[in-house]
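Undergrad: For the record, the sequence lines run as chains A and B.
Under numbering that gives the first Met the number 0, think of the first position of the first sequence as 0, with each following residue one higher.
Under numbering that gives the first Met the number 0, think of the first position of the second sequence as 0, with each following residue one higher.
Treat the hints loosely; a few may be bogus.
Computed list of chain A residues with no C-beta within reach of chain B, every gap over 10 Å [what the hints assert, rightly or not]:
1) Met0
2) Glu29
3) Glu59
4) Glu82
5) Glu89
6) Val90
7) Tyr94
8) Ser97
9) Glu107
10) Gly108
11) Asp145
12) Phe147
With a Cα cut of at most 25 Å, we get these calculated DSS-like pairs of lysine-lysine [what the hints assert, rightly or not]:
13) Lys7/A / Lys368/B
14) Lys2/A / Lys300/B
15) Lys18/A / Lys300/B
16) Lys382/B / Lys308/B
17) Lys7/A / Lys300/B
18) Lys308/B / Lys368/B
Pair by pair, the computed Cβ-Cβ distance ranges are [as the list claims (entries may be wrong)]:
19) Gln24/B / Asp145/A: 33 to 41 Å
20) Thr15/A / Gln26/B: 27 to 35 Å
21) Glu83/B / Arg103/A: 44 to 52 Å
22) Val150/A / Ile371/B: 14 to 22 Å
23) Asp143/A / Glu83/B: 43 to 51 Å
24) Ile49/B / Lys2/A: 35 to 43 Å
25) Glu28/A / Asp208/B: 15 to 23 Å
26) Ala248/B / Ser97/A: 48 to 56 Å
27) Asp208/B / Asp12/A: 20 to 28 Å
Derived by calculation from the structure, the hints in this document are not laboratory data.
By construction, the Cβ of each residue, glycine as well, lies at the ideal position given by its N, Cα and C atoms.
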Amino acid sequence: MDKQQILKILERDARTSPKQIAVMLGEEEENVAAAIAQMEKNGVIRHYKTIIDWEKAGKEQVFVFIDVRVSPSRGVGFDDVAERIYRYPEVHSVYLVSGDYDLRVVIEGKNMKDVAFFVAEKLSTLEGVLSTKSSFLLKKYKSDGDMFVDVAAEERLAITP
Amino acid sequence: MKPISDVVQTTPPSGIRKFFDIVSQMQDVISLGVGEPDFDTPWRISESCIFSLERGRTHYTSNFGTPELRKAISDYWQEREGLEYNWENQILITVGVSEAMDIAMRAILNPGDEIICPEPCYVSYKPCITFAGGVAVAIPSYMEDEFRVTPDLIRAAITKKTKAILISYPCNPTGATANREMLQEIVDIAKEHDLWIISDEIYDRMTYDGKHICIPTLTGAYDRTIFMNGFSKAYAMTGWRIGYACGSAEVIEAMMKIHQYTILCAPIMGQVAAVEAMKNGYADSEAMIEEYGRRRRVIVKGLNHAGLKCVMPGGAFYAFPSVKDTGLTCDEFSERLLYEEKVAVVPGNAFGECGEGHIRCSYATSIEKIEIAMERIARFISKLKV
Ligand SMILES: Cc1ncc(COP(=O)(O)O)c(C=O)c1O
Numbered sequence: 000m001d002k003q004q005i006l007k008i009l010e011r012d013a014r015t016s017p018k019q020i021a022v023m024l025g026e027e028e029e030n031v032a033a034a035i036a037q038m039e040k041n042g043v044i045r046h047y048k049t050i051i052d053w054e055k056a057g058k059e060q061v062f063v064f065i066d067v068r069v070s071p072s073r074g075v076g077f078d079d080v081a082e083r084i085y086r087y088p089e090v091h092s093v094y095l096v097s098g099d100y101d102l103r104v105v106i107e108g109k110n111m112k113d114v115a116f117f118v119a120e121k122l123s124t125l126e127g128v129l130s131t132k133s134s135f136l137l138k139k140y141k142s143d144g145d146m147f148v149d150v151a152a153e154e155r156l157a158i159t160p
Numbered sequence: 000m001k002p003i004s005d006v007v008q009t010t011p012p013s014g015i016r017k018f019f020d021i022v023s024q025m026q027d028v029i030s031l032g033v034g035e036p037d038f039d040t041p042w043r044i045s046e047s048c049i050f051s052l053e054r055g056r057t058h059y060t061s062n063f064g065t066p067e068l069r070k071a072i073s074d075y076w077q078e079r080e081g082l083e084y085n086w087e088n089q090i091l092i093t094v095g096v097s098e099a100m101d102i103a104m105r106a107i108l109n110p111g112d113e114i115i116c117p118e119p120c121y122v123s124y125k126p127c128i129t130f131a132g133g134v135a136v137a138i139p140s141y142m143e144d145e146f147r148v149t150p151d152l153i154r155a156a157i158t159k160k161t162k163a164i165l166i167s168y169p170c171n172p173t174g175a176t177a178n179r180e181m182l183q184e185i186v187d188i189a190k191e192h193d194l195w196i197i198s199d200e201i202y203d204r205m206t207y208d209g210k211h212i213c214i215p216t217l218t219g220a221y222d223r224t225i226f227m228n229g230f231s232k233a234y235a236m237t238g239w240r241i242g243y244a245c246g247s248a249e250v251i252e253a254m255m256k257i258h259q260y261t262i263l264c265a266p267i268m269g270q271v272a273a274v275e276a277m278k279n280g281y282a283d284s285e286a287m288i289e290e291y292g293r294r295r296r297v298i299v300k301g302l303n304h305a306g307l308k309c310v311m312p313g314g315a316f317y318a319f320p321s322v323k324d325t326g327l328t329c330d331e332f333s334e335r336l337l338y339e340e341k342v343a344v345v346p347g348n349a350f351g352e353c354g355e356g357h358i359r360c361s362y363a364t365s366i367e368k369i370e371i372a373m374e375r376i377a378r379f380i381s382k383l384k385v
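Given the sequences, and given the hints that come with them, work out the whole structure.
TA: Below, the structure is given as structure tokens:
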């Protein structure tokens with residue numbers, strides 16, 4: 000069975016049932032269910048979640064992208080600094096990147112003040128953090144492959160040869 | 000005013016038209032009647048056209064089409080199938096396969112010449128033949144044979160007037176694919192009787208089980224085959240109107256003569272986009288084709304579950320189930336299904352007489368919609384039974 004095919008289907012819609020996937024791939028339902036269970040167990044499938052347009056849902060929130068320059072020292076590498084950061088629940092994501100900065104951190108907060116406080120009090124004061132550069136998110140167009148803008152309605156004719 | 004020409008008057012309007020008029024008056028219809036991809040053209044392709052427009056590429060091109068595109072097509076077939084088509088005189092860019100079909104007929108037919116045309120087939124073939132002064136000789140194919148034409152029937156239909164055999168696999172409307180032996184036999188028949196082969200392979204990439212057999216690669220086929228393909232289906236580019244024909248320099252020159260005086264050239268915008276499709280569009284189109292493959296199983300399972308016999312189509316994006324067990328004709332079935340359950344399909348007889356008793360269900364529609372449509376069809380059939 001082609002497990003990548005299962006993953007592609009689930010990545011697009013995690014609610015697709017093993018039964019539906021089995022039909023799509025021409026496989027038995029039990030085998031698909033077993034393959035999914037195995038991938039859940041061995042961590043290929045980490046977990047399932049929902050893509051929410053929080054702005055539409057009326058929730059006030061701000062995101063800020065922070066580029067962090069780090070000076071690793073003996074015993075305190077990038078991983079250690081990253082861990083100190085990613086353990087905060089308001090940290091949305093942390094990446095080690097190439098270029099002028101070392102870590103790219105995305106932080107979520109209720110408002111600017113909230114986020115500014117976090118950067119000033121928590122992030123910049125961490126040992127090993129040399130400097131930070133923050134950019135606030137103004138509008139989300141596409142995120143993790145999902146469009147956050149309304150796309151035009153289908154224009155196809157209803158019946159064509 | 001004097002009347003419209005006899006040929007045009009006696010050609011019936013497309014069977015598809017009638018349903019279109021009804022569907023457009025209704026709301027909440029799920030249409031399985033659409034013969035084009037539901038995906039938009041991959042962005043890289045559209046964007047390449049926008050870029051070229053900004054640079055003022057808005058002029059006529061060579062009658063044959065831009066050298067860029069012809070070279071890209073030549074390279075593509077060389078790489079994929081080892082086919083050698085000289086870009087300078089063996090490839091003609093047309094306004095879709097539609098135009099290629101029209102001018103191929105006009106290029107080879109004298110009045111009264113016959114073309115053998117396996118049915119069910121794409122709705123335009125017969126009219127193209129008739130408009131060109133030829134006679135379409137229909138050969139039926141049936142579900143029992145997975146809608147593959149029997150070469151013996153072709154042999155039996157050959158007369159002194161036969162000029163060509165028209166083949167198109169994967170097939171619209173049946174989704175049938177062909178196998179090598181059968182195609183080779185058809186090529187052998189063509190060779191024996193010195194006939195042209197016109198091969199519309201527009202759905203070649205949408206072959207789900209096994210590999211598509213490209214007719215000009217078969218022994219003895221290359222010289223006599225007018226090979227047609229286009230961008231509408233595999234690259235979701237229906238509105239761009241770009242297709243092409245490949246063949247001997249002689250026949251391409253003849254087709255070009257008609258094209259030159261009637262069309263001049265295919266639109267440059269579409270040609271530019273098609274170059275991007277040929278060069279960098281493969282992965283995007285693979286992703287769409289994978290999705291059709293998944294939908295294909297969902298729709299066939301749904302149709303069978305609803306009680307309609309349906310063979311697993313090997314290609315294109317159509318399923319062609321039989322509705323004979325319901326006791327309704329395909330017209331009755333399609334019309335009532337539309338009015339009672341708001342699902343639009345195309346009656347099989349729109350694609351030739353032997354399509355009677357079948358309906359064409361396109362799966363170029365999202366899985367969610369296909370699933371709802373299958374529930375509605377199942378409900379419709381269970382109501383018929385009581
Ligand atoms: C078998 C077949 N040939 C040709 C065409 C026309 O294609 P094009 O858009 O290239 O004119 C279609 C479109 O539905 C088709 O199904």
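Undergrad: If a hint holds in the structure, say so; if it doesn't, say that too.
TA: Cross-check of the supplied hints:
Residue-level check passed: Met0/A sits 14 Å from the nearest beta carbon of chain B, beyond 10 Å. Look at Glu29/A: its CB is around 17 Å from the nearest CB on chain B, clear of 10 Å, so calling it non-interface holds up. Glu59/A, annotated as away from the interface, keeps every beta carbon of chain B farther than 10 Å; the closest lies near 32 Å. Chain B leaves Glu82/A outside its interface by the beta-carbon criterion, the shortest separation being 36 Å against a cut-off of 10 Å.
Consistency note on Glu89/A: stated as away from chain B, and its beta-carbon is indeed over 10 Å from all of that chain's, at 34 Å minimum. Once the 10 Å rule is applied to beta carbons, Val90/A is consistent with being away from chain B; the minimum gap is 32 Å. Listed as a non-interface residue, Tyr94/A keeps its Cβ farther than 10 Å from every Cβ of chain B; the least gap is roughly 25 Å. At the 10 Å boundary, the C-beta of Ser97/A stays outside the reach of chain B, the nearest C-beta of that chain being 25 Å off.
Every Cβ of chain B is farther than 10 Å from the Cβ of Glu107/A; the closest lies at roughly 29 Å, confirming the non-interface assignment. For Gly108/A, the condition that its CB be more than 10 Å from all CB atoms of chain B holds, with the nearest at approximately 33 Å. Separation of Asp145/A from chain B is adequate, the least Cβ-Cβ distance of about 15 Å exceeding the 10 Å criterion. Non-interface call for Phe147/A relative to chain B: holds, since the shortest CB-CB distance, roughly 17 Å, exceeds 10 Å.
A C-alpha spacing of about 19 Å is found between Lys7/A and Lys368/B, which places the hinted pair at or below 25 Å, so the restraint holds. With a C-alpha separation of about 21 Å, the suggested pairing of Lys2/A with Lys300/B holds against the 25 Å cut-off. Taken as a hint, the Lys18/A and Lys300/B pair is honoured in the structure, with Cα atoms around 12 Å apart against an allowance of 25 Å. Proximity of Lys382/B to Lys308/B is assessed by CA-CA distance (about 18 Å); at most 25 Å being required, the pair is judged to hold.
Between the alpha carbons of Lys7/A and Lys300/B the distance comes to roughly 21 Å, so the proposed pair stays at or under 25 Å and holds. For a cut-off of 25 Å, the pair hint linking Lys308/B to Lys368/B stands: about 21 Å separates their Cα positions. At roughly 35 Å, the beta carbons of Gln24/B and Asp145/A sit within the given window of 33 to 41 Å. Under the hint 27 to 35 Å, the C-beta atoms of Thr15/A and Gln26/B, about 28 Å apart, fit the expected range.
The hinted range of 44 to 52 Å is satisfied by Glu83/B and Arg103/A, whose Cβ atoms lie roughly 51 Å apart. Between Val150/A and Ile371/B the Cβ separation comes to about 21 Å, which falls inside the hinted range of 14 to 22 Å. With their beta carbons about 45 Å apart, Asp143/A and Glu83/B fall inside the hinted range of 43 to 51 Å. Taken as a hint, the range 35 to 43 Å holds for the pair Ile49/B and Lys2/A, whose Cβ atoms sit roughly 38 Å apart.
For the hinted restraint 15 to 23 Å between Glu28/A and Asp208/B, the CB-CB distance of approximately 21 Å keeps it satisfied. Against the hinted window of 48 to 56 Å, the Cβ-Cβ separation of Ala248/B and Ser97/A comes to about 54 Å, which satisfies the hint. Between Asp208/B and Asp12/A the beta carbons are some 25 Å apart, a value that agrees with the proposed interval 20 to 28 Å.
Violated hints: none; the structure is consistent with every hint.
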